[in-house]
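Asks: Below are the chains, spelled out letter by letter.
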Amino acid sequence: MTRRMACFLTSLYPRRWRERYREEFVEFLQGHPSGIFATLNVITGALYQHWRALREHHVPGTRRATVFSTYEGRARRAIFFARYEASHVGSRIIEADHLLLGVLREHGDAGGRFLNASTATAISESARSQLISGERRDISGDLPLSEQCKRILAYSYEEAERLRHRVGIEHLLLGILREDKSHAASILRNSGLDLDAMRAKLAREA
Amino acid sequence: LQAGSASWHDYYVRRSTKRSVVKSEPESGLGYFSDPPLLVLASLASGPKHGHAMIEDIVGLCGTRLGPGTLYGAITRLEQDRLIESLPPEDRRYPYRITPKGAALLHAKLSTLQRLARAGLRRLEAQ
Chain A
184 MTRRMACFLT SLYPRRWRER YREEFVEFLQ GHPSGIFATL NVITGALYQH
234 WRALREHHVP GTRRATVFST YEGRARRAIF FARYEASHVG SRIIEADHLL
284 LGVLREHGDA GGRFLNASTA TAISESARSQ LISGERRDIS GDLPLSEQCK
334 RILAYSYEEA ERLRHRVGIE HLLLGILRED KSHAASILRN SGLDLDAMRA
384 KLAREA
Chain B
-14 LQAGSASWHD YYVRRSTKRS VVKSEPESGL GYFSDPPLLV LASLASGPKH
36 GHAMIEDIVG LCGTRLGPGT LYGAITRLEQ DRLIESLPPE DRRYPYRITP
86 KGAALLHAKL STLQRLARAG LRRLEAQ
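Chains A and B, in that order, give the protein sequences. So the first sequence is residues 184 to 389, counted in our numbering. So the second sequence is residues -14 to 112, counted in our numbering.
No lab work stands behind these hints, which were simulated from the structure alone. Treat the hints with care, as some may be off.
Short derived list, chain B residues pointing at chain A, Cβ under 10 angstroms [as the list claims (entries may be wrong)]:
1. I40
2. I60
3. T61
All C-beta atoms in this analysis are idealised placements derived from N, C-alpha and C, irrespective of residue type, glycine included.
Work out the full structure: start from the sequences and follow the hints.
Replies: Dropping the structure here:
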């Protein structure tokens, strides 16, 4: 099969599949005899992967896959708590510190894989002391994420994706650490959390 | 997709046989068997292999010639379930090897198949 044809057929697959298999699939197809049946077989394969991707992202009770459907329940709750923390102190935006507080709240309930209870409390207090208190706001309003927070979520997704996991609270912690200029990351670093050590631990447990 | 494409697969197999590569495939008729993930596992049981080696090996095992899309569909599922894992590429070929979990699953599946095959054949002979 020609390289052009191989590239075209590979491009029919879903993006996430291509991120993993693109290179080797193109090589593989180039070494495969071409023909209408091989072509149809690959097209069917692409349709099948699209169907799987749709099924994987579908959250029961929703019509469409949402941004947070790749998040574990605990990570989703952590983000919910972050929103609560932000509205609680009257912030108009969800900042990295709020996200950290949300994660800690959820982390404590989960028994804490990276932090023991006393460290978690110390970190929460330290993060909370930085927050500027304003008037409490109604939680029903729409709160946007700060640019820092958006980057943290993107990093968390990357960390989870690397291990082919759904985003969990451990990945959110990694994401916060990676946004190293943020106040939240410096608190975590000062409590002895290390990006590489955490990554290694997660990879071992995978 | 698995069940629905059986007849189409069958056609594909016969066509590709006709086109050469493997001269005699006695099983490509009624005895046709296709469970791509199981075939990939069985192929990798004898050591790491890349895509084309797996296809030829599986033809030798049971006469089934997997199409490129079918093979990678199986590889994707098996890798996600951690039944196989990829090895570093050699010479632009991407080999895979079976994991202990994959080997255990293959053993269990084949034992079931063996029981079924034995019992079924015995019943036929008894008639």
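Asks: Against this structure, judge whether each hint is valid.
Replies: Status of each hint after checking the structure:
Restraint check, B:I40 versus chain A: the minimum CB separation of about 8 angstroms is within 10 angstroms; hint holds. Given the 10 angstroms rule on beta carbons, the hint for B:I60 holds: about 8 angstroms separates it from the nearest Cβ of chain A. Interface hint at B:T61: satisfied, since its Cβ lies 7 angstroms from the closest Cβ of chain A, which is below the 10 angstroms cut-off.
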